[in-house]
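Produce the entire structure from the sequences given, and follow the hints as far as they go.
Residue numbers (the numbering used here), protein chains in the order written: chain D, 1 to 306; chain H, 1 to 254.
Keep in mind the hints are simulated off the structure, nothing from the lab.
One or more hints might be untrue.
As the list claims (entries may be wrong) - No farther apart than 25 Å at their CA atoms in a straight line, the calculated lysine to aspartate or glutamate pairs in the DMTMM-like style are these:
#1 H/K136 / D/D245
#2 H/K73 / D/D292
#3 H/K141 / D/D245
#4 H/K141 / D/E159
#5 H/K141 / D/E268
#6 D/K11 / H/D114
#7 D/K277 / H/E82
#8 H/K24 / D/D245
#9 H/K161 / H/D71
#10 H/K161 / D/D292
#11 H/K141 / D/E243
#12 H/K141 / D/E157
#13 H/K136 / D/E159
#14 D/K253 / D/E159
#15 H/K136 / D/E157
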Amino acid sequence: MLDATDKQILKEVADLEGIPKGAYNIRKNGKLLGREVSANINITTNEKGDGIIIDIKPGTKNESVHIPVILSQAGLHDTVYNTFIIGEDADVTIVAGCGIHCGGKESEGHSGIHEFQIKKGARVRYVEKHVAIGDGTGRRILNPTTKVFMEENAYAEMELTQLGGVDEARRVNEAVLGAGAALLMTERVMTEKDQMAESKNDIALAGTDSKANVISRSVLKNDSVQDFYVNLTAKAKCYGHIECDAIIMDNGKNQTVPALRALHPDAEMTHEASIGKIANDQLMKLMSLGLDYDAAVNRIIQGFLR
Amino acid sequence: MLELKNVTFEVPDADSDGENPHRKTIVNDVSFTFETGGFYAITGPNGSGKTSLAKLIMGINPLTSGKIVLDGKDISDLPIHERSNSGIVYGFQHPARFKGTTFRDLLSIAAGTDDEDRLVRLIARVGVCSLDFLDKPVDSKLSGGEIKKIELATVIARNPKVAIYDEPDTGIDLWTIGPMVDLLKREQKENNTTTIVVSHNRAFLEAADTLLLIRKGRIAYDGGLEGAMPMLEDLSVCTFSDKCEGENDVRCYR
Ligand SMILES: Nc1ncnc2c1ncn2[C@@H]1O[C@H](COP(=O)(O)OP(=O)(O)O)[C@@H](O)[C@H]1O
Ligand SMILES: [Mg+2]
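Here you go:
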């Protein structure tokens with residue numbers, strides 16, 4: 001059922017060697033390739049037929065669900081709308097991701113709209129990786145949208161990673177946090193050649209004692225361009241922090257725009273942002289431990305994007 | 001044996017009006033031989049050129065003139081990593097802070113292995129670093145003392161022939177200084193490491209076989225600690241502390 005390219009893509013986007021254990025839904029070139037549900041995790045196709053609904057029963061603990069997408073058909077631009085309902089007090093890991101294999105001249109793309117409804121006290125770890133491989137010259141385009149609605153005391157850790165290969169990426173992340181909810185969102189993006197990546201984030205701290213921490217790590221090689229925008233809006237007594245760092249390796253261009261908006265007097269918000277080359281003192285340190293210049297650069301970037 | 005032969009380091013300087021306009025001499029014609037397995041302390045006022053000299057040895061600062069010879073081999077033109085691979089390691093006065101890179105990363109680079117057992121044994125050997133440091137990012141959240149301990153551990157992890165520690169005691173609590181001196185002594189004895197410590201701390205000055213006093217980029221004195229005492233006292237800012245602090249529990253915060 002899986003060919004060699006599929007297997008390679010699954011390995012890269014979801015760390016999978018073949019078919020995963022537990023619940024999964026694998027989509028390939030716009031069609032369902034395989035699905036498995038579990039006693040606590042149900043997956044159904046939505047009414048319009050343009051996506052899936054992943055329904056996780058309240059109280060489900062230590063289960064995971066994998067929903068990778070494989071794209072290897074030239075000229076295909078696939079759009080899906082997936083909804084995740086994470087029941088009260090559940091504690092689960094969701095591994096998503098999209099891998100494009102481009103072998104021809106035509107562009108290929110995927111737009112995934114992921115909506116999360118995280119119910120009271122539920123905890124979710126969401127891991128999303130985007131990769132693109134293949135020798136084709138067609139542009140590989142990934143435009144993910146993530147919408148997160150967090151109820152009271154919900155907790156979400158989201159890791160969004162794109163390390164090379166993707167020519168164009170336009171990401172939109174939106175989140176609304178209820179009372180006591182906490183969101184930790186980490187975005188890691190590496191671009192090279194003439195690739196561009198844009199990320200627009202809008203986080204609303206709506207409930208009392210909600211917390212958000214948005215971390216962005218960007219590496220720009222060659223002539224690539226990355227723009228990162230984040231708006232944190234506080235509507236209650238809450239805590240918010242933004243930390244964005246970009247390393248420019250060659251002639252990359254970067255724009256980092258963190259914005260804090262406090263609409264409540266008890267909001268506490270901070271941000272740190274930096275753009276620059278690899279720090280010289282870090283290079284000197286690793287070279288003094290025996291690494292040559294290139295190896296030192298690689299280790300610093302590796303750590304930075306981890 | 002590490003030989004410095006007429007080592008000089010100059011930097012461009014717009015204000016200088018001396019005999020050499022537009023150049024400022026930071027390390028001035030220093031010649032000295034560090035014997036293999038010796039314990040040396042380097043001291044001297046702030047800005048006298050101690051760190052600059054250490055960085056010349058590591059290859060971080062470029063030599064303006066002179067030669068550096070390690071065990072008979074001229075290393076003056078070797079880049080930093082090749083000097084490191086020949087056995088010289090420098091522990092920075094102000095260690096770099098990373099983002100994401102952990103103590104485990106640095107230690108495995110230094111030791112050339114990521115084998116868990118070997119890293120744990122290394123940390124036990126260093127002693128001053130706790131095992132829970134291992135997966136901590138070496139970033140700006142670490143305290144001054146913590147990062148200095150990590151820095152020291154990465155130097156020892158390389159089993160250097162020549163180890164240079166630049167003010168290893170900054171930020172370190174009083175109770176750890178003794179064990180740190182013992183550690184460097186033990187490394188010196190067991191591995192015959194040529195040990196060079198830049199410090200103002202009496203504990204290190206006393207531990208050394210030879211003391212080098214640097215002033216204005218030159219070696220103003222080399223020899224035992226006793227012989228250096230008059231010059232060291234002369235360098236202290238105020239010589240009236242006996243009289244003014246007296247017996248009345250008064251301290252000078254000047
Ligand atoms: N690359 C450089 N460019 C200009 N000035 C320097 C450079 N490196 C060191 N200096 C100057 O040289 C002097 C000695 O510095 P340093 O070696 O750090 O002294 P110490 O370690 O003894 O306190 C200082 O005045 C410092 O500002
Ligand atoms: Mg110094």
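Results for each hint:
With a C-alpha separation of about 19 Å, the suggested pairing of H/K136 with D/D245 holds against the 25 Å cut-off. Of the pairs offered as hints, the one joining H/K73 and D/D292 holds, with about 20 Å between alpha carbons and a cut-off of 25 Å not exceeded. For the hint pairing H/K141 with D/D245, the CA-to-CA distance comes to about 16 Å; that is within 25 Å, so the pair holds. Taking the CA atoms of H/K141 and D/E159, the gap is about 22 Å. The hint holds against a cut of 25 Å.
Between H/K141 and D/E268 the alpha-carbon distance is near 20 Å, which keeps this suggested pair within the 25 Å criterion. As the CA atoms of D/K11 and H/D114 are separated by approximately 24 Å, the hinted pair is consistent with the 25 Å bound. For the hint linking D/K277 to H/E82, the alpha-carbon distance of about 24 Å falls within 25 Å, and the restraint holds. Between H/K24 and D/D245 the alpha-carbon distance is near 36 Å, which puts this suggested pair outside the 25 Å criterion.
Taking the CA atoms of H/K161 and H/D71, the gap is about 10 Å. The hint holds against a cut of 25 Å. Distance hint between H/K161 and D/D292 is fulfilled; the C-alpha atoms sit about 19 Å from each other, no more than 25 Å. Between the alpha carbons of H/K141 and D/E243 the distance comes to roughly 14 Å, so the proposed pair stays at or under 25 Å and holds. Of the supplied pair hints, the one linking H/K141 and D/E157 holds, its CA atoms being roughly 21 Å apart against a limit of 25 Å.
Simply put, H/K136 and D/E159 have alpha-carbon atoms about 19 Å apart, close enough for the 25 Å limit, and the pair holds. Between D/K253 and D/E159 the CA atoms are separated by roughly 24 Å; this keeps the pair inside 25 Å, and the hint holds. Our distance criterion of 25 Å between C-alpha atoms is met by H/K136 and D/E157, whose separation comes to about 19 Å.
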